[in-house]
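Asker: Sequence:
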Amino acid sequence: MYGKIGLAAAAILFSAVPALADSCGGAPIPPAAVDGAKATQTQMKDARDDVMNFMKASDDYQSCVLADLDRQKREAAKAKDPKPLDPGIIDAVNKKVNSNQKDKEKVGAEFNASVHAYNAAHPKG
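According to our numbering, the residues represented by the sequence shown are 1100 to 1224, in order.
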C-alpha cells in the first residue's frame, strides 16, 4: 500500500515539473558567437541584435518561471490541506533559472570578445 502511495506521489511531483516548462515555453536558445576579427559591420550589428533579443527573451523566461513558482506556492498554501510546495519543484525551477543565467553570461562574454576582436581588426584612424 505504501509503495502505491509513494508511486502516486512521485508521479504527481514529476508531472508538476514539466508543467512549469510548458506554461513558459522552453528556455531561449543562445545565438551563435561571431568571430569579430572576420565579421563585417553588418554581421556585428546582426549579432548585437541577436544577443539583445536573447537577453530579453531570457529575462522574460526567468520572470515567467519564477512567477509560475510563486503561483504554485500560493496555491499550495491556499489548498484545503495547506502544505509547502514540494522542494523538488523549487529545485527544478532554480536549476532552470540558473542554467539560463549562465547562458546569458556566456553569450554576453562571447559578444564582448567579438566586439574587442572586431575593433582590433578595424581600428578607427
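Just so you know, not all the hints are guaranteed correct.
Unchecked claim - Below, computed lysine-lysine pairings styled on BS3-like, alpha-carbon distance capped at 30 Å:
id : residue 1 : residue 2
1  : 1155      : 1182
2  : 1201      : 1155
3  : 1177      : 1205
4  : 1223      : 1172
5  : 1144      : 1155
6  : 1179      : 1223
7  : 1177      : 1203
8  : 1201      : 1144
9  : 1172      : 1201
10 : 1205      : 1137
11 : 1144      : 1182
12 : 1194      : 1182
13 : 1137      : 1223
14 : 1155      : 1172
15 : 1203      : 1172
16 : 1177      : 1137
17 : 1155      : 1203
18 : 1144      : 1172
19 : 1172      : 1182
20 : 1205      : 1182
21 : 1137      : 1203
22 : 1137      : 1179
23 : 1194      : 1205
Treat the hints as calculated values from the structure; they're not laboratory data.
Asker: If a hint holds in the structure, say so; if it doesn't, say that too.
Answerer: Going through the hints against the structure:
With a C-alpha separation of about 34 Å, the suggested pairing of residue 1155 with residue 1182 is violated against the 30 Å cut-off. Of the pairs offered as hints, the one joining residue 1201 and residue 1155 holds, with about 14 Å between alpha carbons and a cut-off of 30 Å not exceeded. A C-alpha spacing of about 40 Å is found between residue 1177 and residue 1205, which places the hinted pair above 30 Å, so the restraint is violated. Using a Cα cut-off of 30 Å, the hinted pair residue 1223 and residue 1172 is violated, with the two alpha carbons roughly 55 Å apart.
Taking the CA atoms of residue 1144 and residue 1155, the gap is about 17 Å. The hint holds against a cut of 30 Å. Between residue 1179 and residue 1223 the alpha-carbon distance is near 68 Å, which puts this suggested pair outside the 30 Å criterion. Of the pairs offered as hints, the one joining residue 1177 and residue 1203 is violated, with about 35 Å between alpha carbons and a cut-off of 30 Å exceeded. Between the alpha carbons of residue 1201 and residue 1144 the distance comes to roughly 23 Å, so the proposed pair stays at or under 30 Å and holds.
For the hint linking residue 1172 to residue 1201, the alpha-carbon distance of about 25 Å falls within 30 Å, and the restraint holds. Between residue 1205 and residue 1137, the direct Cα distance comes to roughly 20 Å. Compliance with the 30 Å bound is thereby established for this hinted pair. Only pairs whose Cα atoms come within 30 Å are accepted, and residue 1144 paired with residue 1182 is rejected, the gap being roughly 50 Å. A threshold of 30 Å between alpha carbons decides the hint, and for residue 1194 with residue 1182 the separation of about 22 Å falls inside it, so the pair holds.
Between residue 1137 and residue 1223 the CA atoms are separated by roughly 16 Å; this keeps the pair inside 30 Å, and the hint holds. A distance of roughly 26 Å separates the Cα atoms of residue 1155 and residue 1172; the hinted pair therefore holds under the 30 Å criterion. Between residue 1203 and residue 1172 the alpha-carbon distance is near 27 Å, which keeps this suggested pair within the 30 Å criterion. For the proposed pair residue 1177 and residue 1137, the alpha carbon gap of about 58 Å is over 30 Å, so the pair is violated.
This hinted pair checks out: residue 1155 and residue 1203 have alpha carbons roughly 10 Å apart, not beyond 30 Å. With a C-alpha separation of about 42 Å, the suggested pairing of residue 1144 with residue 1172 is violated against the 30 Å cut-off. For the hint linking residue 1172 to residue 1182, the alpha-carbon distance of about 9 Å falls within 30 Å, and the restraint holds. For a cut-off of 30 Å, the pair hint linking residue 1205 to residue 1182 is broken: about 38 Å separates their Cα positions.
The suggested pairing of residue 1137 with residue 1203 holds, with an alpha-carbon distance near 23 Å, which does not exceed 30 Å. With a CA separation close to 62 Å, the supplied pair residue 1137 and residue 1179 exceeds the 30 Å bound. For a cut-off of 30 Å, the pair hint linking residue 1194 to residue 1205 stands: about 16 Å separates their Cα positions.
Violated hints for the displayed structure, listed by number in ascending order: 1, 3, 4, 6, 7, 11, 16, 18, 20, 22.
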